[in-house]
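**Student:** Sequence:
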Amino acid sequence: MIKNIVFDIGMVLADFRYEAYMREDLNFPERVVQIFADRLVRSSLWDEFDLGIRETEDIIAEMKARVSEYPREAELFFDRIEDIIRTYPYSKPWVQELKSRGYKVYLLSNYPRSTFAVHEKKHFDFAPYVDGKVISGFERISKPDPAIYKLLFNRYTLEPGECVFLDDRQVNIDAALAEGMNAILFTSYEDAKGKLEEIIKKR
Numbered sequence: 004m005i006k007n008i009v010f011d012i013g014m015v016l017a018d019f020r021y022e023a024y025m026r027e028d029l030n031f032p033e034r035v036v037q038i039f040a041d042r043l044v045r046s047s048l049w050d051e052f053d054l055g056i057r058e059t060e061d062i063i064a065e066m067k068a069r070v071s072e073y074p075r076e077a078e079l080f081f082d083r084i085e086d087i088i089r090t091y092p093y094s095k096p097w098v099q100e101l102k103s104r105g106y107k108v109y110l111l112s113n114y115p116r117s118t119f120a121v122h123e124k125k126h127f128d129f130a131p132y133v134d135g136k137v138i139s140g141f142e143r144i145s146k147p148d149p150a151i152y153k154l155l156f157n158r159y160t161l162e163p164g165e166c167v168f169l170d171d172r173q174v175n176i177d178a179a180l181a182e183g184m185n186a187i188l189f190t191s192y193e194d195a196k197g198k199l200e201e202i203i204k205k206r
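Under my numbering, the first residue of the sequence shown carries the number 4, and numbering increases by one thereafter.
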């Protein structure tokens, strides 16, 4: 029987709109958008940012050094980083609807601790309705490490087989399945909602 729905955040409940943020909010030229995307967001440094082992200030300083030819843009990028993400319109109603049906809702996300605190307060209108969360930047472990899934189970006394996990990355889905969870690769709200209902009916 399914009792718990576990959501990733970025690209599932909220749009990690880093390219639109640079183009539309910061008015960066396209060349700069792609340079920042490649050297910062799509780099291993961003994974370290999520992991939270190093001090945030040190990682940001290293990121700025990677784009040292654009000092003004780098300052803007990090000064306004609270706007790099926006919650999808469906997220709060979806969480509320699941809660109204008696399901517990949890968050399991790779997320830098410094930005999570800001985003949770400013953007995540679904946050007051969740029953618990495990965020990589606070725990210093990240998906797909099996340890972060086990931490979720242990912290909230969850049975893996009673959980459905939704994430937009296949590697994280594979790790969840290996831990005994039901899992859905998120590609769109409509697709995921339909697949979730199918799993709920079968289990």
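Read the hints as simulated data drawn from the structure, not as lab findings. Every value quoted in this text rests on a predicted model; they were computed, and no experiment measured them. Cβ atoms here follow ideal geometry from the backbone N, Cα and C, with glycine treated the same way. A portion of the hints provided could be inaccurate.
[To be verified] Subject to a maximum C-alpha distance of 27 Å in a straight line, what follows is the list of computed BS3-like cross-link-like pairs (lysine-lysine):
(1) Lys6 x Lys67
(2) Lys204 x Lys107
(3) Lys205 x Lys6
[What the hints assert, rightly or not] The calculated label-pair distances, taken between Cβ atoms and stated as ranges, are:
(4) Glu100 x Arg26: 16 to 26 Å
(5) Glu60 x Arg158: 26 to 36 Å
(6) Thr160 x Glu201: 19 to 29 Å
(7) Gln99 x Lys124: 17 to 27 Å
(8) Ser71 x Gln99: 42 to 52 Å
(9) Asp128 x Asp82: 17 to 27 Å
(10) Leu188 x Lys124: 26 to 36 Å
(11) Glu33 x Ala68: 34 to 44 Å
**Student:** Each hint needs a verdict: does it hold in this structure or not?
**Tutor:** Going through the hints against the structure:
1. Lys6 x Lys67: At roughly 44 Å apart (the allowed maximum being 27 Å), Lys67 and Lys6 break the hint.
2. Lys204 x Lys107: holds (16 Å)
3. Lys205 x Lys6: With a Cα-Cα distance of about 13 Å, the restraint between Lys205 and Lys6 holds, given a limit of 27 Å.
4. Glu100 x Arg26: 16 to 26 Å: Given range 16 to 26 Å: violated, Cβ gap about 33 Å.
5. Glu60 x Arg158: 26 to 36 Å: Holds: the Cβ-Cβ distance is about 28 Å, inside 26 to 36 Å.
6. Thr160 x Glu201: 19 to 29 Å: At roughly 26 Å between Cβ atoms, Glu201 and Thr160 fall inside 19 to 29 Å, so the hint holds.
7. Gln99 x Lys124: 17 to 27 Å: holds (19 Å)
8. Ser71 x Gln99: 42 to 52 Å: holds (46 Å)
9. Asp128 x Asp82: 17 to 27 Å: This hint holds: roughly 24 Å between Cβ atoms.
10. Leu188 x Lys124: 26 to 36 Å: Hint holds: Cβ distance 29 Å, inside 26 to 36 Å.
11. Glu33 x Ala68: 34 to 44 Å: violated (23 Å)
In terms of the numbered hints stated before, the structure departs from hints 1, 4 and 11, listed from lowest to highest.
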